[in-house]
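Peer 1: Based on the provided sequences and hints, a complete structural model is requested.
Chains as they are written, first to last, in this note's numbering: chain A, 1 to 565; chain B, 1 to 360.
Hint data in this document are derived by calculation from the structure and do not stem from the laboratory. Be aware that one or more of the hints could be misleading.
Claimed, not checked - To give an idea of the interface, some chain A residues facing chain B are shown, with a C-beta separation under 10 Å as derived from the structure:
id, residue
1, P341
2, F347
3, N510
To be verified - Have a look at the derived ranges for each label pair, beta carbon to beta carbon:
id, chain 1, residue 1, chain 2, residue 2, range
4, A, L224, B, E202, 50 to 60 Å
5, B, A35, A, F445, 21 to 31 Å
6, B, R261, A, G149, 43 to 53 Å
7, B, G42, A, G252, 54 to 64 Å
8, A, P245, B, G42, 18 to 28 Å
The model shown is predicted, which means the values in this text are computed figures rather than measured ones. For each residue, glycine too, the CB sits at the ideal point set by N, CA and C.
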Amino acid sequence: MSPHIAQSPTALADPDELALGLPESYLAAGHTLGSWLTTTDHKRIAILYGLSITLFFFLGGAAATAVRLELFTPEADFVGSDTYNKLFTLHGVIMVWFFLIPSIPTTFGNFLLPLMIGARDLAFPKLNLVSWYLNLGGGLLAAVAVLAGGIDTGWTFYVPYATVFSDTAVSVAVLGVFVAGFSTIATGVNFIATVHLLRAPGMTWFRLPLFVWAMYTTSLIFVLATPVLALTLLLVLAERAFGLPIFDPARGGDPILFQHLFWFYSHPAVYIMILPAMGVISEVITCFSRRVVFGYTFMVYALVAIAVIGFFTWGHHMFTSGMSPYAALLFSFLSFIVAVPSAIKVFNWTATLYRGQIGFESPMLYALGFLGLFTVGGLTGLFLASIPIDVHVQDTYFVVAHFHYIMVGASVSAYFAGLHLWWPKITGRMYPETWAKFAAILMFFGFNLTFFPQFIAGYLGMPRRYHVYPPEFQVWNVLSSSGAAVLAVAYLMPLGYLTWSVFFGARARNDPWNATGLEWRTTSPPPRDNFLGRVAVLGPPYDYHPAGSPPTQDQPHLPTQESQA
Amino acid sequence: MMQRFVPAWLMPEAASTQAAKVDAIFFGLTVISAAIVLVVVGLVVTFAIRFRRGSKADRGALPSVVSREFEIGWTAATLFVFLFIFWWAASAEIGAYTPPKDAIEIHVVANQWMWKTQASNGAREINELHVPVGAPVRLMLTSQDVIHSFYIPAFRLKRDAVPGRQTETWFQATKTGTFHLMCTEFCGTDHSRMLGRVIVMEPQDYAAWLSAQPEGDDLAHAGERLFTERGCAGCHAPGSTIHAPDLAGLWGKTIPLEGGRTVTVDAAYIRDSILQPARDIAAGYAPIMPSYAGLLTDGEVQELTAYLRALGAGPRTVRSPGVPPLSSRVPGSARERSPAMVPGAPVADTPAPAGPAVGP
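Peer 2: Structure follows, in structure tokens:
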């Protein structure tokens, strides 16, 4: 490794490289800040998103750390009630709208969607840049709300508390989420148009990688659900800032209407978080077991079914609000139905492993962890879909544990799986594999230590959003807070070694995992126009072995960092 | 069943009829889920070890049984398991929906950050609720400010208290003792301190406790007083010169509205008629009633509702214009509450019970 390479983070732009006759990489297309902030390259915009959501992830994580620290003992001993309420609200708002919802679509989706279908860019590159500015603008408004004293409504903004009673900076935060919503809608429109219009010759719908299908179905939810959130938040603003009576019961409004509108968006939003994760996991599991995915068409239909049925289950958030028992039964029934396609996906991933050549590189460790955590998260969803159980555990830590298993255990694991899988493609550098494996394993155990005890605390009756709690729950909270400490270390590790790898990592080959997707059929990192020549697709995805014959052991063992030196 | 398999510290105390049902479903679902997790994790680990890169395991073409039929098979199996769980949970829910007719009625009013309860027998409490063991108790909840949620873990009972509307639920305690009452809908600064106690007593202890409570009007009598004080009687008393409906005997009836619709007179209709009188006008009357929104508290609306209810669906009394009522129109007096109201409590004789009339 020459010292010259080690000094420059975008060493791929080195003149030595260009001597080979390859086009310069997208990273070398400009080094100024201005070249980044005005770029319309989907790959650079993906990096911009990557940086902003990393910032938000650690901001939201810091708030969670403070919350877990406070809950170590039953009494109030670290922060006061109002501060505590602001901390968990900050955690929820930032993590949901500024990390989880944009996470996989705006980073890997942006970077890979055109590459995977053989396109040169998204359908609307300028709109893509506008999306990032909207997302960042929304995030900054939320940050302003924090600086202005914070908000204490919880991420759900339940009325009339949020519109009439809270004296915190609710309006600014709501405005921030409202603005960020337009970013999501624009991204959804962009992705849908791209998949429809820009597929390379030969890339038929049923040759699309499952990640592309996941992006497509997620975009449908983006476009159909987010406007409802925008409308709802606008009504909250109208009531709070201009005094229009909409939800306030003292003036004839209906607070339950808000809940219906809010969950009509926010339940599909859960699928916005998990469908992209399913897409990533399908890519990782096929690659590291060297097998074609089991039941490709079922996997596609399952994604579509989840996206569609997911729109009709929102009422299960409101079983205790006093809804009609018949409505509750219907929502309960649909919530059971929506779990079926998710179960099918788990079975198909498991079956994909059968007779594979399974390697245990870090992306695969995250993916295997995903399988376990998603299964637990999904099954506890059935508990919550059962009305009598939901009546008991609604708004307790059982619910908190359930949705963290889905959103953090599953989605964030998938995010890290994808980050490690595509890191060589995105940066052109290999990361230190040993560290990555260690972080993956640590994350799995830290996660379970943090969140499994919360199932028990919840069933025992510990309500969520409690600053102080009855002392009999302390043992579960101590376990949970200890796990959170492990989890914090596990999340900080990739920040360290991935940053290190950008500067010092070994150069990545074009296809370091011997994977099949189109994104690997170009240089690492790719040039501005993605591909060197014309792209044509001749076969189905996941072509790891000819149909009917066994996979061969063709995946290279990764060179460790030591052997590179 | 559960006590045999699950250590006590893993299960919350079960002290109501519903608790046993919920625990049974929870236990069954846990067993099913654990089996599924074991199968999935077991297969993943087995495959990961057996088919690790370079192992000597057979990797020939997939057996012919692993095919499309296989996929359809496990989709159907999953669907049936899930539908079974749905049916099980839903039937438990349907069975528990309607409270028994003889339930003790308790009105709960939540506000930041306390619980106020008032039983139909007159007992008022703050952040405490005394109930007899083995008797069904029906709760009617509302809130004066934001949404709260009334949660008694030991009863597996939770219902939101929503401002501007009344929600209902019921329970029957099976065990004496003191249990947590908590707020589970985030309601501001002291949400986590909005706690109370539910004290379940033997019927005779409850009767003793009840008779030791300071005398106060029960809801219906308080409502009757309000009915006069706030001027309702000026128009609605029998024989009033204003053309307004007499409210006696209305409860539970279906009455015609202007415009040809009909409505059943229940708590929601009475509440709406007091707070938004222009919304549903009874057929044959002019829309002259002013709104009492902001003039009556939620508790007062509940008291008026209880009064109208106590007037029942019995025959209307006929009185001459201008003559004030000589005595209470509510059957029973406030003093006659107590032991008779408590199912199972020993009673010396049988005084007329307070609260809703049992019939003419």
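Peer 1: Is 21 to 31 Å a correct range for the gap between the Cβ atoms of B:A35 and A:F445?
Peer 2: 23 Å, holds
Peer 1: Regarding the hint that A:N510 lies at the interface with chain B, is the smallest CB-CB distance below 10 Å?
Peer 2: Because about 21 Å separates A:N510 from the closest Cβ in chain B, which is outside the 10 Å limit, the hint is violated.
Peer 1: Holds or violated: is there a CB of chain B closer than 10 Å to the CB of A:F347?
Peer 2: 5 Å, holds
Peer 1: Against the range 18 to 28 Å, how does the distance between the Cβ atoms of A:P245 and B:G42 compare: consistent or not?
Peer 2: Check failed, 57 Å falls outside 18 to 28 Å.
Peer 1: Check the following: the C-beta atoms of B:G42 and A:G252 are separated by a distance inside 54 to 64 Å.
Peer 2: Check passed, 57 Å falls within 54 to 64 Å.
Peer 1: Can you let me know if the beta-carbon spacing of A:L224 and B:E202 is within 50 to 60 Å?
Peer 2: The hint (50 to 60 Å, Cβ to Cβ) holds, given that A:L224 and B:E202 are roughly 57 Å apart.
Peer 1: Was the hint right that A:P341 lines chain B, CB cutoff 10 Å?
Peer 2: 9 Å, holds
Peer 1: Given the range 43 to 53 Å, decide if the beta-carbon distance of B:R261 to A:G149 lies inside it.
Peer 2: 49 Å, holds
Taken one by one, the earlier hints fail for this structure at numbers 3, 8, listed in ascending order.
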